[in-house]
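Protein chains: 2
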Amino acid sequence: MASIARSSLRVRSVARLPAVRAMSTTRVLRADKPFFPEEPSGPKVVTAIPGPNNKKAAAELNEVFDVRSMNMLADYTKSVGNYIADLDGNVLLDVYAQIASIPVGYNNPHLLKAAASPQMANSLINRPALGNFPSADWASILNTGILKVAPKGLDQVFTAMAGSDANETAYKAAFMYYRQRERGGPEVEFSEEEIASTMNNQSPGSPQLSIMSFRSAFHGRLFGSLSTTRSKPIHKLDIPSFDWPQAPFPQLKYPLEEHAQENAAEEQRCLQEVERLIKEFHNPVAAVVVEPIQSEGGDNHASPAFFNGLREITKRHNVLFIVDEVQTGVGATGKFWAHDHWNLQTPPDIVTFSKKAQTAGYYYGNPALRPNKPYRQFNTWMGDPSRALIFRAIIEEIERLKLVENTAITGDYLYAGLERLSQQYPEHFQNLRGKGQGTFIAWDTPNRDEILVKAKSFGINIGGSGASAVRLRPMLIFQKHHADILLENLEKIIKQ
Amino acid sequence: MASIARSSLRVRSVARLPAVRAMSTTRVLRADKPFFPEEPSGPKVVTAIPGPNNKKAAAELNEVFDVRSMNMLADYTKSVGNYIADLDGNVLLDVYAQIASIPVGYNNPHLLKAAASPQMANSLINRPALGNFPSADWASILNTGILKVAPKGLDQVFTAMAGSDANETAYKAAFMYYRQRERGGPEVEFSEEEIASTMNNQSPGSPQLSIMSFRSAFHGRLFGSLSTTRSKPIHKLDIPSFDWPQAPFPQLKYPLEEHAQENAAEEQRCLQEVERLIKEFHNPVAAVVVEPIQSEGGDNHASPAFFNGLREITKRHNVLFIVDEVQTGVGATGKFWAHDHWNLQTPPDIVTFSKKAQTAGYYYGNPALRPNKPYRQFNTWMGDPSRALIFRAIIEEIERLKLVENTAITGDYLYAGLERLSQQYPEHFQNLRGKGQGTFIAWDTPNRDEILVKAKSFGINIGGSGASAVRLRPMLIFQKHHADILLENLEKIIKQ
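Taken in sequence, the protein lines are chains A and B. With my numbering, the residue at position 159 of the first sequence is 159, and numbering never jumps. With my numbering, the residue at position 129 of the second sequence is 129, and numbering never jumps.
Chain A extracted, bound-state conformation (with noise of 0.2 Å):
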């Protein structure tokens, strides 16, 4: 049994500790009071993964529903906190955590309470359309909870319903906002060329605008944000997309400290190309959009330098300067938002939210951003005020355990423990990268899906993004000795 030191915040003293001595069993000192008391001491496999009882329900769901992309089905009565259960017994530390969607544990106490309320029931059963009949205590709802939240300079909030459209409806924003400047202003009418050439899909009124993104960015499976995704083929083939632009991403080399100048050369010439295609696209960028760290397109960081940069020329370019932060919001970076590590001195104009947020949006602050007549940004329900409870409830759950705090302290912990483990194996633990960046943390491996089946038979549920990384994308109620876990059995399972 290892000395981990008990309530170290200082995590450089704790990585300098030897890792594999740490890592010696699953029932690990535990450095920090449990979040989740009732929670395992550790994983339990008690099948092959997929088990008896797991087969039997998938061969069973596939009648009727594509289970192909299935990982397993899940038992989530008897799932608590980072621990996801089966339907055969095994019980896994989930560090993938639903397509990093889950925030605050399975079973989060906090959120029952939430989920059980008169004001939750009623929410579900007598669902607004938003835009027209708002709920009386929408407002609350929302100052309370999502806007409680807003990233700083940004107090207004489009909600939406996932990733895809919290997307599409900033690039609608985006859009509108660039017409509305090239026709001078939100008083200028529409042209009746304009009125009819739109409901033939054609310009002036259905105009050739475009939004770049950046190769091996994510921004969702809609044909608008399909349009800027540039993950993978699969994603992407045989469905129409926008003639828009991609400017390339940051290839950056590991460790920094090593490549520092190469890096940054590499972040310049990138930031060259950006306004290259501002300035020469056939299609006229309305904006660009961008995630903080690219998370479906294999974990690829830019420095706080390059988005320093992108905010720098967009506004000198009167384009919108779009934050993804879908993926890389909610506290998982150590910060409540990945672009708070950036320092900017002018905030985004747009920021989208999903999966932790349990709901989704676009948060903006100019006041021109509200198209200039009702409708135009609208639909049906425009939201869930039952979600919108969920997040609030999450938001409260996040402040009272300090959840940002605790992921950037584990995160660090973690990150040296994995450094520790990529001197020693350095073949399976490339490019490790997330350092400062909460437990958002990923390295590159040669035989990646491997990795991840055999994880599994480990009692570790984790993921992968790109072509060769592995992704970490646990909850925030992950703490130090969850990381001991998940170190020791990552080391067993190279080992094997």
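These aren't lab readings, by the way, just hints derived from the structure by calculation. Each hint should be verified, as a subset may be incorrect.
Which copy is meant is left open, because identical chains are indistinguishable; a pair holds if it fits in one copy or across any two.
Calculated pairs, EDC-like style, for lysine to aspartate or glutamate (alpha carbon to alpha carbon, straight line, at most 20 Å) [said to hold, decoys possible]:
| id | residue 1 | residue 2 |
| --- | --- | --- |
| 1 | 402 | 60 |
| 2 | 315 | 262 |
| 3 | 315 | 182 |
| 4 | 435 | 405 |
| 5 | 373 | 187 |
| 6 | 56 | 444 |
| 7 | 373 | 449 |
| 8 | 152 | 63 |
| 9 | 78 | 405 |
| 10 | 492 | 427 |
| 11 | 492 | 257 |
| 12 | 315 | 273 |
Please read all numbers here as calculations on a predicted model, not as lab measurements.
Fit chain B to the known structure of chain A by using the hints.
Just chain B, lined up with the frame of chain A:
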């Protein structure tokens, strides 16, 4: 007090009763047992609408949320059955029902039970990524809910969040299916050229295929669905669109009996144009999408013969036939699905749903509409089990109370009353339409927007569609005594 036949299911005889006498007071004889005994006996209007509390709350909400499309703020704790309450003590008979999306009444007790169940709480706080980690009960939730009411011939579902993404995922399925056939079957691999070109949003990987829709159609507001929406310029202006074709939708003349030949010729003309576009449009047509009744675009109807013609043409040309039942589905036309009225010999290839289902998605039957590889039709949440549970409860309630039958009967009764009004006030009730289509009834009126506003002061919440139609979209629990109140007040409104 008029003599409304007590238990007459034979609507014709009721229709011959003098309407005006039957509507002399809001406290009418109740011909049927009320579904909601605790409903008020009629609307109650105690202030101007919006009243002082509503104005104050709207100003507060406007700080953070665009309220220019707001109709009124509602108190959903005080709304019941067909009646919506505002913040000033006004209670309105609601025949708009959250843009046709409330099926079984405000604060329906059976829905409340489902909303307050442990299964609901569990699904709310442990939201799965359904494609990867479906819950153990997902197959059962589908089979006892969404799939129990699947349209004839369709036994699969892809779940979504709202009408727009239901349609867009259906379009994606159509494009993948089209290209798969062109490619030579599901086993044929993508070419290197396809793989490379799709990452640049270029064909052949991102092919220039199209979805055909109809003039005045509404299929949603995201980029793909908006490209098939042709309702109003304000829905489309400034948003880039795909170059997709639109066919004319029949413009029928009313009363139908007097224009049978003319209308049949009009439908033939439209069908010919559909076929011409399928053969000639420069971006090949993968699917035709159509609403059974164009619901946002002005309540435009066509005959079963027209839709049978569409099915025949699409089948002959290997083009998918997508029926958008987002607004017409779930009972409102007096059949569970509006396309049940057509008696098709071959079912639609895809039927999309949302609104009254309180969830969304598309049904299909052909297994080849499952893409040939996983992760092609995929997203993080792929719907929402908590919303699927609500739909299940809605289906149970529809069955328990025979609400589809109720809507057919009440609809005929209501239509007959409107027919009488249209004879008495022909200038105010033009082109009355929706006979035999349940309560899915509309008419044109010269000063429509004024009428809609005025209706509130008479205690009626009512909506419009297109440029000049008043559209009725009551809930499925709308009964004859509600119809009497509506008819009486409509007469008062136009008489004022």
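Each hint, compared with the structure:
Proximity of residue 402 and residue 60 under a CA criterion of 20 Å is satisfied in neither setting, with 42 Å inside one chain copy and 30 Å between copies. With identical chains, the CA atoms of residue 315 and residue 262 are never at most 20 Å apart, being 26 Å at best within one copy and 59 Å at best between copies. In this assembly of identical chains, the alpha carbons of residue 315 and residue 182 lie at most 20 Å apart only when taken from the same copy (16 Å versus 45 Å across copies). When the C-alpha separation of residue 435 and residue 405 is checked against a cutoff of 20 Å, the pair qualifies only within one copy, where the shortest distance is 15 Å, while the shortest distance between copies is 63 Å.
For the identical chains of this complex, residue 373 and residue 187 are intra-copy neighbours only, at 10 Å inside a copy versus 50 Å across copies, given an alpha-carbon limit of 20 Å. For a Cα distance limit of 20 Å, the shortest separation of residue 56 from residue 444 qualifies neither inside one copy, at 34 Å, nor across copies, at 56 Å. In this assembly of identical chains, the alpha carbons of residue 373 and residue 449 lie at most 20 Å apart only when taken from different copies (17 Å versus 50 Å within one copy). In the homo-oligomer, the alpha carbons of residue 152 and residue 63 lie at most 20 Å apart only across protomers (16 Å), although the nearest pairing inside one protomer, at 48 Å, exceeds that limit.
For the homomeric pair residue 78 and residue 405, neither the shortest alpha-carbon distance inside one copy (28 Å) nor that between copies (42 Å) is at most 20 Å. Taking the shortest alpha-carbon separations for residue 492 and residue 427, only the intra-copy value of 15 Å comes in at or below 20 Å, while the best inter-copy value is 82 Å. Taking the shortest Cα distances, residue 492 and residue 257 never come within 20 Å of each other, neither inside one copy (29 Å) nor across copies (79 Å). With identical chains, the CA atoms of residue 315 and residue 273 are at most 20 Å apart within one copy only, with a shortest distance of 16 Å there and 48 Å across copies.
Violated hints, in rising order: 1, 2, 6, 9 and 11; the structure is consistent with all others.
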